[in-house]
Amino acid sequence: MGMTITEKILAAHAGKDRVEPGELINCKVDVVLGNDITAPVAIKEFEKIGVPDVFDKEKVVLIPDHFTPNKDIKSAEQAKILRDFAKKQGLTNYFEVGRMGIEHCLLPEQGIVLPGDAVIGADSHTCTYGALGAFSTGVGSTDMAAGMASGEVWFKVPGSIKFVFNGEKLNEWVSGKDLILYAIGDIGVDGALYEAMEFTGSAISNLSMDGRFTMANMAIEAGGKNGIIAPDQTTIDYVESRAKRPYKVYRSDDDAKYERVIEYDVADIEPQVAFPHLPENTRPISEVGTVEIDQVVIGSCTNGRMEDLRIAAKVLQGHEVHPDVRLVIFPGTQAIYKQAMKEGLFEIFVDAGASVSTPTCGPCLGGHMGILAKGERAIATTNRNFVGRMGHPESEVYLSNPAVAAASAILGRIAGPEEVD
Amino acid sequence: MEFQGRVWKFGADVDTDAIIPARYLNTSDPAELAKHCMEDADPEFPNKVKTGDIIVAQKNFGCGSSREHAPICIKAAGVSCVIAKSFARIFYRNSFNIGLPILESPEAVDNIDEGDEVKVDVDNGIIYNLTKGASFKSTAIPPFMQELIDSGGLINYVRRRLNR
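Protein sequences, first through last, are from chains G and H.
Using this note's numbering, the letters of the first sequence correspond one by one to residues 567 to 987.
Using this note's numbering, the letters of the second sequence correspond one by one to residues 155 to 318.
Everything labelled a hint here was simulated from the structure, so no lab data went into it.
Take these hints with a grain of salt, some might be off.
[Stated by the list, open to error] Distance condition first, Cα-Cα at most 25 Å in a straight line; then the derived DMTMM-like pairs of lysine to aspartate or glutamate:
{"hint": "1", "chain 1": "G", "residue 1": "K637", "chain 2": "H", "residue 2": "D183"}
{"hint": "2", "chain 1": "G", "residue 1": "K640", "chain 2": "H", "residue 2": "D183"}
{"hint": "3", "chain 1": "G", "residue 1": "K610", "chain 2": "H", "residue 2": "E186"}
{"hint": "4", "chain 1": "H", "residue 1": "K189", "chain 2": "G", "residue 2": "E643"}
{"hint": "5", "chain 1": "H", "residue 1": "K291", "chain 2": "G", "residue 2": "E589"}
{"hint": "6", "chain 1": "G", "residue 1": "K594", "chain 2": "H", "residue 2": "E301"}
{"hint": "7", "chain 1": "G", "residue 1": "K722", "chain 2": "H", "residue 2": "D304"}
{"hint": "8", "chain 1": "H", "residue 1": "K239", "chain 2": "G", "residue 2": "E846"}
{"hint": "9", "chain 1": "G", "residue 1": "K940", "chain 2": "H", "residue 2": "E198"}
Next comes chain G alone, as it looks inside the complex (with noise of 0.2 Å):
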């Protein structure tokens, strides 16, 4: 019997020829990721383990991104436990504001996680390298902590359910974003609880790597444990001139097992909006009907890289956000921010009447730079759209791609960007 990709990358960072979905095995990661929330705990936590130092400075790697720039005296203090402890440990990887990005576009972009490796972030959205072909996963701050430590954690081989998306061609306006936001709109919000997401067929060779990031990072809203896809051409251009180690390519056998092979054929996807408040709330745009809005968010670990926001400025270009709307663009990374500069989009962007903020997951969690009063509606880019996920408990929130997100900042409603004249 053969393995998926996910049971192969566990296998090798086990020490095991082979490995079975249930079985628990203890891993040796690659990276251990954190942030100004999850890791003040896991530091807190480190220091009780009694070891002086981490497992390898390079591979523990600490990116303040939630609450900065520090958004209160509260914020600055936990973001200051991250900075001393990296300059106390020495870690290579600690990515200060000016220099940072939103994790999840920082650490691909800057080269760290790469094919092949194993990775846990305190972060539920450390799922996202699954468009690299590696194996990555979201835990908590103690289990950062003891990874921090020892560079290794135990895990309950995760079953796979592989996801098919058959088709050439994507219908027009339709991205990464929506494939995924399809696939969870079918399956729910714990359709794929503790299992692997892998993503194949046609439509996935043919989508970009920020798309490909854009539909990992959104495994953990169906419950999986990681999404991944295996790498291929696109995949390796993207790492060849960023990679500074070897990486391993792994792939799935012919003869794999799988729990249940799920096929959706792209012609069938329209843009995706999840309604309020759960990610598996969607409807196909020309469904819709008339949603007002009070606020468009565009940007996040979820759809802040380059082809997000070129897209985002094609559709806004020429046109002015409506007069009871507010739009907040957040570009994942200070690289992205300077090549969206240099391509002119922030004219477009300013142009239009938007703002444009340093990479934050601020609004995204409700932390700030953004957050909704009391009965306002946003629509967003992002991930999640829980109940107060950006604000208000009473506050609502959709989620699209940024393109209907750029047409709805212009119309005031919700709406496709074929709308938009």
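Since the structure of chain G is provided, determine the placement of chain H on it from the hints.
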């Protein structure tokens, strides 16, 4: 380990933002976090909950973010254990790691109402609804998780391994 307390019942897919909204995550102090426990699911919960009380919820409890602040604030609010039809995986790991007892039992969830008095025998995985006079079995805790519990949590387990 045995607990007894009054039940607070919640629905399906209670997410970590409902358990502890991100607006309070600029601290990791358990007592501070406890003041806002379950606030966006039930604003009165932090005032109503008493030490020993039990949370009972439908499927996929704790979905969403990896914030360990979620089980930390539930524990710090005095909740003795959480019973649900299923748990989201990161919340499940985190609960074991910080020592918040959690039990899976769809049958118990279907037969416990808000306000019921419930006794939980964690070691044997038995849930007694004292109000209704019924008992239910919870899904067995995997042996490795039991080893973690017996070691006094993940940090003690790792400390012992690394200092061996």
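Comparing the hints with the structure gives:
1. As the CA atoms of G:K637 and H:D183 are separated by approximately 18 Å, the hinted pair is consistent with the 25 Å bound.
2. Between G:K640 and H:D183 the alpha-carbon distance is near 11 Å, which keeps this suggested pair within the 25 Å criterion.
3. Restraint check for G:K610 and H:E186: the C-alpha separation of about 17 Å stays at or below 25 Å, so the hint holds.
4. Taking the CA atoms of H:K189 and G:E643, the gap is near 20 Å; set against the 25 Å cutoff, the hint holds.
5. Between H:K291 and G:E589 the alpha-carbon distance is near 24 Å, which keeps this suggested pair within the 25 Å criterion.
6. Restraint check: the Cα-Cα separation between G:K594 and H:E301 comes to about 20 Å, which is no more than 25 Å; the hinted pair holds.
7. Among the hinted pairs, G:K722 with H:D304 is consistent with the structure: their alpha-carbon atoms are about 19 Å apart, no more than 25 Å.
8. Between the alpha carbons of H:K239 and G:E846 the distance comes to roughly 19 Å, so the proposed pair stays at or under 25 Å and holds.
9. Of the pairs offered as hints, the one joining G:K940 and H:E198 holds, with about 18 Å between alpha carbons and a cut-off of 25 Å not exceeded.
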